[in-house]
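Engineer: The residues making up each chain are set out below.
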Amino acid sequence: MKLAAGDLAFGYRDFPVGAGVSLTLEPGEILCLLGPNGCGKTTLFKTLLGLIERHGGTIEIDGHDLRTLPREQLARSLAYVPQAHAPVFPYTVFDMVLMGRTAHRGLFASPTSQDRSLTAAALARLGIEGLAQREYTRLSGGQRQLTLIARALAQDAPLIVLDEPTASLDFGNQLVVLDQVRRLARDGKGIVMSTHDPDHAMSCGTSVLAMKDGRTIASGDVRETLTAAVLSEIYDVEVEVVEMPGGRRVCIAPAKAEAVEG
Amino acid sequence: MLAAVATTIGPFETSGRQVLAAFGRYFGLVPQTAEPATIDTVLFSIRVPRVIAALLVGAALSAAGSVYQGLFRNPLVSPDILGVSAGAGLGAALGIFLSLPIIAIQGLAFVFGLGTVALVYVVASMVRGHEPTLVLVLTGVVLGALAGACLSLLKILADPYDQLPAITFWLLGSLASVRAEDIWSAAPVVLLSLVPVVALRWRMNLMSLGDEEAASLGADPKWLRLVFVTAATLMTAAVVAIAGIVGWVGLVIPHVARLMVGPNFSRLLPVAMIIGAGYMLVIDLLARNLTTAETPLGVLTAVVGAPVFIWLLASGRRGWS
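Heads up: the protein sequence lines correspond to chains A and B, in order. Read in order, the letters of the first sequence are residues 1 to 262 in my numbering. Read in order, the letters of the second sequence are residues 263 to 583 in my numbering.
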């Protein structure tokens with residue numbers, strides 16, 4: 001399974017957001033999307049998921065044009081993990097995850113016992129089986145995010161799109177979620193996720209796409225692409241990339257000159 | 263159970279034994295007496311149709327309410343959100359104003375109810391670039407208000423001694439004049455429109471998460487919305503045509519059902535329909551026995567529904583957040 005977008009122009013009706021974006025995603029990869037607020041990350045995701053019409057370029061899944069794929073087939077190839085949100089009605093965590101099975105059953109079908117066991121397995125995989133009968137609306141942000149990831153797992157699509165999975169999570173939950181993302185990739189899922197934290201891209205990404213104002217600033221291998229220069233350009237602030245003992249790299253704001261003097 | 267008891271209560275004194283005997287005669291279990299007893303007439307031309315109508319109205323409004331609340335992701339939505347009641351009210355008032363026969367009044371109510379929602383749907387689909395459900399609701403409110411204005415005009419023009427009370431009574435809902443034929447016209451519509459709702463019950467859960475999530479999970483929100491709105495509107499229009507505008511049921515009952523069994527539509531739908539049918543039966547029982555004159559259903563559902571609703575809001579368990 002391979003997702004490939006070429007020279008993509010995207011946006012809302014009569015309102016272009018970005019253009020000239022190309023990317024590919026294959027199983028086992030984690031493609032991180034970096035860019036400032038409003039640079040078009042979410043719009044790009046909606047376009048990749050076929051939720052809004054693209055303005056130009058190509059999107060193909062295994063060589064098939066996205067527009068020719070029926071909704072259900074698309075959902076079996078590409079799962080979507082939206083930002084943790086609260087629906088109006090208090091579905092149980094189990095039912096939320098069970099909804100991921102919809103694309104595998106007929107139009108008029110209700111979930112089968114097989115769907116239920118796959119749902120239980122997805123919950124167990126993420127270590128949240130204890131939450132199964134809790135109301136989703138009453139969970140913490142981190143638990144909600146894990147539930148939505150479990151739903152994508154139940155959806156059983158080889159490719160997963162995560163929209164800022166660590167947004168508004170505390171430090172501990174960010175690490176828990178990132179750890180799960182890494183595990184999914186190890187198990188052969190192809191993952192594209194957006195994040196606001198360059199360190200997340202450095203710690204778990206295999207490749208990166210840096211965007212600004214709807215355009216690609218740089219893309220490719222994380223180590224080669226995420227340089228201080230690129231990060232400074234997309235965020236419009238001074239940034240240093242420092243190598244830690246052991247080879248890990250982190251991104252920090254440079255010590256201010258006056259702070260050093262004072 | 264409730265239905266059986268309800269047939270025995272009414273202004274015409276009957277005992278359980280008499281009713282049982284009458285049913286026996288009706289189904290040919292007991293030989294017919296020479297002349298039909300008065301009780302047979304009362305039972306089979308008035309009470310039984312009325313009981314069935316109450317069950318039908320309650321179940322249909324509750325089912326439609328459950329659908330609309332899920333579809334619009336709002337627990338405070340009632341089946342008339344898209345203007346079906348406003349349209350039906352206008353149609354019925356027009357029929358009464360023109361002194362048409364009852365069947366024509368019902369027909370006008372049905373057609374106007376459907377027409378209003380269809381118009382809302384068409385107008386809303388021409389407005390682009392906004393969240394589709396929001397546009398739909400706003401268009402419904404606007405066109406509903408327009409229908410309400412036309413209705414007010416008819417009320418002013420109507421004969422204050424004869425037509426105006428009839429219009430007002432119709433707008434508050436009543437099963438007093440329900441005949442067996444009414445059930446034969448409304449029940450098939452309700453049952454038919456229940457078919458897609460029951461068949462697509464699992465998809466309804468997805469719709470309540472919003473269009474984008476539903477689509478990413480493999481559902482087609484545009485098409486599903488059209489099917490659900492059509493079905494819910496058809497069943498509402500069908501029962502409004504025979505019973506007038508009965509408020510509150512479609513709003514409160516899905517709520518109560520959700521508190522009992524949770525939001526999963528597969529369980530919510532049958533429970534809401536059963537509670538709705540039972541509730542309507544009790545309300546109608548009160549309507550015809552509380553005072554010597556008929557009390558309008560809309561008045562009773564509001565008097566009972568409002569405190570229940572406030573209690574639900576105040577009490578701990580939430581059916582929504």
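Some hints could be false.
As the list claims (entries may be wrong) - Here are the simulated lysine to any residue pairs, SDA-like style, with alpha carbons at most 25 Å apart:
hint: 1; chain 1: B; residue 1: 484; chain 2: A; residue 2: 68
hint: 2; chain 1: B; residue 1: 484; chain 2: A; residue 2: 186
hint: 3; chain 1: B; residue 1: 484; chain 2: A; residue 2: 105
hint: 4; chain 1: B; residue 1: 484; chain 2: A; residue 2: 54
hint: 5; chain 1: B; residue 1: 484; chain 2: A; residue 2: 199
hint: 6; chain 1: B; residue 1: 484; chain 2: A; residue 2: 197
hint: 7; chain 1: B; residue 1: 484; chain 2: A; residue 2: 72
hint: 8; chain 1: B; residue 1: 484; chain 2: A; residue 2: 168
hint: 9; chain 1: B; residue 1: 484; chain 2: A; residue 2: 134
hint: 10; chain 1: B; residue 1: 484; chain 2: A; residue 2: 132
hint: 11; chain 1: B; residue 1: 484; chain 2: A; residue 2: 104
I should point out that these hints are in silico values taken from the structure, not numbers from a laboratory. Note that the coordinates shown come from a computational prediction; the quantities given were computed from them, not determined experimentally.
Engineer: Run every hint past the structure and note whether it holds.
Structural biologist: Results of checking the hints against the structure:
A hinted pair counts as satisfied when its Cα atoms are at most 25 Å apart, and residue 484(B) with residue 68(A) qualifies at roughly 17 Å. The suggested pairing of residue 484(B) with residue 186(A) is violated, with an alpha-carbon distance near 37 Å, which exceeds 25 Å. With a C-alpha separation of about 19 Å, the suggested pairing of residue 484(B) with residue 105(A) holds against the 25 Å cut-off. Proposed proximity of residue 484(B) and residue 54(A) is supported: the alpha carbons are some 18 Å apart, at most 25 Å.
The suggested pairing of residue 484(B) with residue 199(A) is violated, with an alpha-carbon distance near 40 Å, which exceeds 25 Å. Proposed proximity of residue 484(B) and residue 197(A) is contradicted: the alpha carbons are some 36 Å apart, above 25 Å. Annotation: proposed proximity of residue 484(B) to residue 72(A) holds, straight-line Cα distance about 14 Å (limit 25 Å). Proposed proximity of residue 484(B) and residue 168(A) is contradicted: the alpha carbons are some 31 Å apart, above 25 Å.
Proposed proximity of residue 484(B) and residue 134(A) is contradicted: the alpha carbons are some 31 Å apart, above 25 Å. Distance check on the hinted pair: residue 484(B) and residue 132(A) sit about 31 Å apart at the alpha-carbon level, beyond 25 Å; violated. Restraint check for residue 484(B) and residue 104(A): satisfied, since their Cα atoms lie roughly 20 Å apart, inside the 25 Å limit.
In terms of the numbered hints stated before, the structure departs from hints 2, 5, 6, 8, 9, 10, listed from lowest to highest.
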